[in-house]
Amino acid sequence: MRFLDSLRFRVASLFRRSAIDTEMEEELRSHIRHRAEDLERSGLSHDEAERRARIEFGGYQKYKEESREAVGVYFLETLAQDLRFALRVLRKSPGFAAVAVVTLALAIGANAVVFGVLNALILRPLNVPQAESLYAIERGPDKAVNHSYPDYLDLRDRNHSFESLAAYNVAPVGLDTGNNPSSAWILEVTGNYFDALGIQPYLGRFFHAADEHGANSAPYIVLTYAYWHTHFHDDRGVVLQAALGRPVKLLAFGSAAGLILGLLASQVLASIVYQATSRDPLVLAGAVLAMSLVGLLATWIPAQRALSIEPSILMREE
Amino acid sequence: MADHAQILPGTLDLLILRAVSLGPLHGYGILLRIGQISGNALLIEQGALYPGLFRLVRQGLLKTSWGTSENNRRAKFYELTAAGRKRLREETANWNRLVAAIGAALAAQPEEI
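These protein sequence lines are chains A and B, in that order. Per the working numbering, the very first residue in the first sequence carries number 1; after that it's consecutive. Per the working numbering, the very first residue in the second sequence carries number 1001; after that it's consecutive.
Next up, chain B with everything else stripped away, as it sits in the complex:
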């Protein structure tokens, strides 16, 4: 468990958008996809995914449809809307700026100041 990072507040939405941007997925699939693309380094309690999903649907960033999963079970599939795609772009840019800034701040050496 020590090599699992607790995700930062607010970043779950970004992860969901990113996972879904790679193709329509049901809830459990999103969780697997996040694990897969993050190298299983993030610790997400599975249930926590759903409030996030419903919030994104309500904001019009995701749309849903019922379908059949690869396990031959009925499942609700999520997919990005145009607004969702736009939000993902913006949030990604924001995140990169934040990471760059924090990274720069943490890497600053005494002689640079």
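Here chain A stands alone, though its shape is the one from the complex:
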């Protein structure tokens, strides 16, 4: 506050400078006049008194300069002069300048990184509703935050203290989105994770505790907004593609398997049951087509709905 005041004063002084200068001049002259009059009263001639008064005052310009500095009027001008001087000196010794610049750059960079981490971890509150009622459960004297999954289940099922208990695990994975496999860090989370945090997806829907039925029952992934933004360029279609990708593969595999099995079965049947011929290729092809259509619709419709109702970022894990 004081600094701001002082800065405002200095900037204002820059514009009022001539007024301040005039006032200062007037004050110093007034001093000398007063002194001269006193000297005149003590018997000196007018001119002699003026002369003595000036001498006694000392270096007029020097004190005026010092007074200006004391007022802070010339702060910005002095600053500009100092800057020009500093630049000249730096240009004279480029080696030193380079070292200084690099040192500063490194220091600023390091500071920015530290601030970034601090900002994310401490200064910026968690972007979830009621972040203040979010707790981590620590275990034992060393305050470990890791728990075994059975422990988590026990804690969750006998929990009376919290609204809900969610767990997560950080893991590296390979993410293959079709053409550009890359590694990514994910959080493996329990089904109630998003409901426990009380947040809503930007696109699509989250999974819920009800989607979880034992091991490997809920192979869903949710992309973070940042990941979707940087890796998929905010493409809404990626969700549809992901939702359809695996079922289509399954469908193709299923159709092929069904075709072969059907042929084999009809062979077997034909050998056992008389006149039971279903080897007509047209019939088989029609059956496969019908199955494929139903299968496609079965995946297409929910995917479309997911996109339209709550436009979405939910993908089946590949």
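Hints in this document: simulated from the structure, not taken from any laboratory. If you're wondering where the values come from, they're calculated on a predicted model, not measured in any experiment.
The calculated DSSO-like cross-link candidates involving lysine-lysine, where the alpha carbons are at most 27 Å apart (straight line), are:
#1 Lys64/A to Lys1076/B
#2 Lys1063/B to Lys1086/B
#3 Lys62/A to Lys1063/B
#4 Lys62/A to Lys1076/B
#5 Lys1086/B to Lys1076/B
#6 Lys64/A to Lys1063/B
#7 Lys1063/B to Lys1076/B
Label-pair distances were calculated between CB atoms; the ranges are:
#8 Ala1107/B to Asp38/A: 39 to 45 Å
#9 Thr1011/B to Gly43/A: 28 to 34 Å
#10 Val114/A to Ser1021/B: 46 to 52 Å
#11 Leu87/A to Gln1006/B: 39 to 45 Å
#12 Ser1021/B to Pro94/A: 51 to 57 Å
#13 Arg8/A to Thr1011/B: 30 to 36 Å
#14 Leu87/A to Glu1070/B: 49 to 55 Å
#15 His46/A to Trp1095/B: 40 to 46 Å
#16 Arg1073/B to Gly43/A: 18 to 24 Å
Don't be surprised by glycine CBs; every beta carbon is placed ideally from N, CA and C.
Let chain A serve as the given structure and place chain B on it in line with the hints.
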């Protein structure tokens, strides 16, 4: 001139505050007042007063107003602010401690050690 003492660095501010604490004064008046209350024992170059005055104003210890002097001339008058009064008290206490300590040190006799 031999009986004039050169003032110590930093003590001019204290003298100004003290002079002004006795009533509002213009620059030349402050100089006269310092001479008067110090028994004319201190040597101050007159111009040196002003950088000090402006510094004190900037620190908010003095406030100014233009008025008319006893010589019927326009002059800028200085007067203590509340902060200035407080600073004067503190600086006076500091000064007294310093003087006591230096005095004691200079007066110390061999048998006291």
